[in-house]
Amino acid sequence: MASTYPNTNMPVPGGPPPGTNGIPPPPGQPGQPRDESYFTESRKGEVNELRQLLRTFGTEKDRNRKRDIMKKVIAYMTLGIDVSRLFTEMMLAIETRDLVVKKMVYLFLCNYAETHPDLAQMCTNTLVKDCGNEDPMVRGLALRALCSLRLPQMIEYTSEPLRKSLQDGHAYVRKTGVMGILKMYHLNKEEFDKASFNDILYDMLRDPDSSVVTNCILVLNEIMADSGGMALNRAVMLHLLNRIHEFSEFGILSVLDLVPRYIPANDEEGFQIMNLLDPVLRTANAGAVVATIRAFLSIADAVGKRPGDDRDPDSPTVDDLKRQVVVRIKAPLVTLIASSSNELSYVLLKYADQLIDLCPGIFDDEYRQFYVRFSDPTHIKHSKVRILAKLANPQTAPDIVSELSELIATVDDTMGRIAVRSMASIAIHDSGGEGAVESIARRLVEMLDLQGIPHVSSEAAVSLASLVRRHPNITTVISAPLPRALKYITEPSGKAALIFLLGECGDSIVEAPYVLEKVIDSYENITDTGVKTALLGATVALFFKRPPEVQLMLGRLLKKTTDDVSSQDLHDRALFYYRLLRSSPDPTLAKAIDDDSELRAALMNEFNTLCTIYRCRAENFIDEENLVKFVKMPPEHPLPRDGNVAPIVDPGVNNLADQFGNASVTDVPAPAAVISAPAYSAEVDLLGFGDDLAPSGPPPLSDTNAEAVVVSALQMRTTPTSTDAVESSLGTFHIFTMASGELPTEFKFFLYCQEEGGGYFLIQAVAQKAPPSLALTIKPHGGDNDRNKRREMIDQLIELIKTSLGE
Amino acid sequence: MISMIMVLNQKGEIMISRQYRDDVSRVAADSFRIQVRDSDTCFQYETCSTARHSRLFTKGCFVFVVSFIVCLFLTELAPTPLLSIENCSFLYTRHLNMYFVALTKSNVNPALVFEYLFQKIRVLKAYLGEEFDESSMRNNMTLIYELMDETMDFGYPQNCAVDVLRLYINLGNVKPQDEPEPEQLTKQITGAIDWRREGIRYKKNEVYIDVLESVNLLISSSGNILRSEVTGKVQMNTKLTGMPECKFGLNDKLVIEKESTGARKKPGVEIDDCTFHRCVRLGKFDADRTITFIPPDGEFELMRYRVNDNVNLPFRLIPAVQEEGQTKCSINLKVIANFSEKLFATHVVIKVPVPKNTSKSKIKNSFGRAKYEPEQNAIVWRIKRFPGKAECMLSVDLELVRTVRPKAWVRPPINVEFQVPMFTASGVHVRFLRVYDKSGYHTNRWVRYITKAGGYQVRI
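Residue numbers (UniProt numbering), protein chains in the order written: chain A, 1 to 807; chain C, 1 to 460.
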């Protein structure tokens, strides 16, 4: 909650101001008007002086003088001087028409409320009174101050003005009120539940002012975090999307963040939403662009055809659609990376990286955009070089490799290493086309001899080692300089890699055993366990290639390593090899490949959050209480997959008035049908878009005064084939489905319909599969009170349902 | 949502902090102690002074912030703009020597947070001047808190448009405007066109358009162009009465092709991609590529664009480097200005790198001033005015000191800085700007073009 107010480290009274070596700044420094600096040294009694000043406040006529007095008080407060003694005087000053003064008094209040709850309580009345002020600005400010006091005992005072503010004529007050609700929620959850603001908030999604709507979405998302965020249905989503051009650059994000949770009713609607959002990609706000990308990808996910789906064979698959999305967003993303500030470029590069992983190949032709600029900060350079490796294809690989080799000699060590590694990764993934592997291997071999830059030669050795694992046939290319390189590579990781290579290339290097023998003889001088382990592995490998030469030295090495107690791992390994060799089994070892596809999929779900930047799941860096798992809206849709949908109007293309806020809620076309989301009380018809055909939402389920009619074990000839078929045939009788499902032994339907008189019927139907039978529970609600007439209606209903289900 | 915003000065002291939520305060003190123990003593002084000045912090929160400061100021690697300490993420950016930091404990959209921080700095610039610094921040403490509260409520960005904020927060450099009626005021604060208020009046109606381009070039040592690209932006300064509707046109290839019937016009420029200020009607742009908008009052950035093809490079550089043994090296450089002789480039600075062990240099140059600057390890050649189509030469003979351990010279690229007024490297030019207003007043329009070097580099 907002209130630990100003914390500054202004010079503390009595102590020297920081950075001036104890000498106070000379008065009247040039460029610093004297009357501007309130932070001069204070003496005791200044607070009393202030009190004197405040007493004259009421009689003071000059507005600026008044403001100056207030500023002085606030300045003292930010210095950390306790001016809470002035509370009463400040309270008197609250009665003013000057907003600036008023704001400062509120600031003062919020700052001392927590430490002086009794005093704060005194001023509540004034604040509540200000909430009814004629000036909307004052109402808003007072409300914000009231909600920011952070005193649980004040809840009873706040809830009433809050409720009133939600109906205020001015959007500024409403928007502040909505945020106030959230503050109240965090202050006292029980009181909040009692006040039941939820339904009002859902209603306010229709507010004509976009900033109010934005706050409503944000607040609902946070309040409903436990149930996966704000309840969402088609009507709400379409309503918001139709107004999306009215939202401010930050407000638009709240709507865009909802889209990934929405499941389009059918393919056509999905594409309509994408078209509607397309212009957002041209905004200069990077946040909005990335949010749009996420929305697109999620729609592609929902709309695309999956393997095993029995839909039209011509419709595009999920992967195709995602590729199309990435193709579309490539240009805007690249522009933003090229023209944004460093911080944003860094963030966007991470997103680009993830998209490249998702759809390899699409960014390839833009590889020049990822060339490192001399002026880029290091972290951007690193990200770019890592991405460059992923953009290699047979056409681009030569350019990329030569660019990378330019980078290995830079001053930045890490940069050199990453460049070498990236180069190797092109070879390992074999993305460079024919001959690339050999040419990269040659370059890496040349780097082994770069004595001037030890970290590069070491990294080259490590890269070669991984390269050999992937492409064993290149051993002939690289073998020659290995024994020589072993002499001058000093870094342990490089040394270990070289020793490994010597073992692997034992066939083509004549002197390999003798080089290794020297290392074994100086075993005592090796400090790094990695090198020791590599030595052991290499010697064993070499033993299988050239047993007569290696046998003796292997024996010696095994003795040394089993005696070595510095590393448990090494010791165990040596014993393992020893026993393995004694029983002489087949020396092939399984190679495990690191597979992170699962992580990538998980990260894709959290696109446009910090997850991408840190490259780990939210659970790993967000505390449990802050972890929000947004869920998709419930998947039932009132529309059949291939039915017609109410078109989404794209405002703004031709209709200027629409775009600039004159559009009222009633301009929004009513969607064909409405269901309310089951995530919260079913009573709320979110937008009240009743349709002539459908009843205006299902009636309350909790109503029990009408008695239920239960019909069990009706004989049926067949069982229904699928829930969809039944739903559509029920739909023709104007009986609507709330939920349905198939279990191994039975089908279940929850239905509702409306009679002419306005009454409702709630129906639960359970159809057994074998033997085919039907059990119905029908609950009438409202409408005609004549029992016989009602009974007649119910009988008719039963007949209708029976026909739909299988007769 | 953002839990806290703070502003730190260069020493890592907290100048301003505004806590929007209290979840950043629950932290173990351990992380702090470990961090401090690992760092050196000069830092401990800093923490002490910070500790003294941040008495108002709740204990845990303070610990948190300090460990961030440790990371920021003491890690030798350039830290990334996002740091995660104890499950709290710190996102930060710089203005002069101040750090603007946002703290959050939830899984936010990082781009949003950065956009907010930038917007915040933009707002402060509008209030305190382009180059606002520590002391101006301190002198306007109340104003800054007012802005902090108005732009963000409970961790969510609220109203960040400068023009609207100006209406009801008029401290600082911003001149108080005629106070509008409360009715109109709140409409403005929350209205759809939050970038312009109604009832603006000017005696003379004027629009200034600046087309600013920066050329990025990278040429390999063999003379191939590795990358050439122009990023441009169109900046406007509007002084217009009322709520005028503007229509703006560049020589965009797609538009020109549509308009020209025969082969009478020059081909337009192929703009690869562009983004716009939020006042531009994007739907209309997508439909027929016209740029229409109701402009904000005063300065703003209308659009940014990127052009990759057919870049007119303003300068051509032909370097030749010869290393003769270990003690001598000679560099020859020819620079040709590739733009029309009517124009000229200003502030041309060419930095030719030389090896670190250079002891003597003999420089011959046709014009401008060239000098060996050891601290930059480069010959810096400055030319104040470089006429179009001109050619000039630089030849340098270097004597190198022998070093104990010879290390190959890494040969950094030659770097060029320049400005060419009234020239666009992409070829973009403004075709028209029409202003429609009910009163039908006359508008004066002024257009300027400047091309600057972004990263203009030639490898040797």
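Worth flagging that the hints you see were computed from the coordinates, not collected in a lab. If you're wondering where the values come from, they're calculated on a predicted model, not measured in any experiment. Backbone N, C-alpha and C fix where the C-beta goes; we use that ideal spot for every residue, glycine too. Hints are not guaranteed to be accurate.
What the hints assert, rightly or not - If you want the footprint, here are the derived chain C segments under chain A, 3+ residues with CB under 8 Å:
id	segment
1	143-150
2	301-314
3	329-343
4	347-361
To be verified - Distance condition first, Cα-Cα at most 25 Å in a straight line; then the derived DSS-like pairs of lysine-lysine:
id	chain 1	residue 1	chain 2	residue 2
5	A	330	C	253
6	C	233	A	330
7	C	239	A	330
8	C	351	C	384
9	C	239	C	203
10	A	769	A	789
Evaluated hints:
1. Counting residues of the segment 143-150 of chain C whose beta carbon lies closer than 8 Å to any beta carbon of chain A gives 3, which reaches the threshold of three, so the coverage claim holds.
2. Only residues whose C-beta sits within less than 8 Å of a C-beta in chain A count toward coverage, and the segment 301-314 of chain C has 4 of them, enough to reach three; the restraint holds.
3. Given as covered by chain A, the segment 329-343 of chain C fails the check, having 0 residues with a CB less than 8 Å from a CB of that chain where 3 are the minimum.
4. Against chain A, the segment 347-361 of chain C contributes 0 residues with a C-beta closer than 8 Å to a partner C-beta. That does not satisfy the three-residue criterion, and the hint is violated.
5. Only pairs whose Cα atoms come within 25 Å are accepted, and residue 330/A paired with residue 253/C is accepted, the gap being roughly 20 Å.
6. For the proposed pair residue 233/C and residue 330/A, the alpha carbon gap of about 20 Å is at most 25 Å, so the pair holds.
7. Of the supplied pair hints, the one linking residue 239/C and residue 330/A is violated, its CA atoms being roughly 36 Å apart against a limit of 25 Å.
8. Our distance criterion of 25 Å between C-alpha atoms is met by residue 351/C and residue 384/C, whose separation comes to about 14 Å.
9. For the hint pairing residue 239/C with residue 203/C, the CA-to-CA distance comes to about 9 Å; that is within 25 Å, so the pair holds.
10. Distance hint between residue 769/A and residue 789/A is unfulfilled; the C-alpha atoms sit about 33 Å from each other, more than 25 Å.
Hint compliance for this structure: hints 3, 4, 7, 10 are not met, and every other hint is.
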